[in-house]
Each structure stands twice: as structure tokens, then as C-alpha cells.
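Residue numbering for the sequence shown follows my numbering, starting at 1 and increasing by one per position.
Here are the computed distance ranges between Cβ atoms for each label pair:
(1) Val53 x Tyr8: 48 to 54 Å
(2) Ser7 x Thr52: 52 to 58 Å
(3) Ala76 x Met11: 28 to 34 Å
(4) Cys43 x Tyr8: 51 to 57 Å
(5) Thr59 x Thr4: 50 to 56 Å
(6) Lys77 x Ala49: 37 to 43 Å
Just so you know, these hints were derived from the structure itself, not from any lab.
For glycine and all other residues, C-beta sits at the position ideal for the given N, C-alpha and C.
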Amino acid sequence: MFGTFPSYREMREEAQQMAEAGRIAARAERRDCFAMAAMTGLCADSGTAGFTVDAIARTAYAIADAMEAEREKGLAK
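From just these sequences and the hints, can you work out the full model?
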């Protein structure tokens, strides 16, 4: 009459998938914040005056990835 309820295993798997999706979203948001901070520094540096917008963005995201790697190392300690 009311249908079937999900099993404990199905509920646990769904919760794990949602948690993983949340971790992925948080990491992407953190990476964007790191890149914005790096871009601010790059734009303020007179040594990058000849860079194109694409070059600054690529460099900012490379810096953001390095910052994230250092953060992960710190969390692993």
C-alpha cells in the first residue's frame, strides 16, 4: 500500500554518496577561493604586467592547486 522503504544499506550508500559530493563541492569552492587570492596577488605584481588574462588565470589555479596540496599535507600530519 505504501511502497517499500529503503534498506539500511541503501540509505548508508546514499549518505556516503552525498557526503562525497559535499567534499568535492567544498574542495572546488576552496580551490576557487585560493585562486582568487593568488590572482589578486598576481594582478598587484608589476612583474606580471605583460601576462594575458589566460596566463594569469592558469598561474592562479596552479598556485591554488599547490596551496591545496600543502593544506592536505598539513591535515595528514
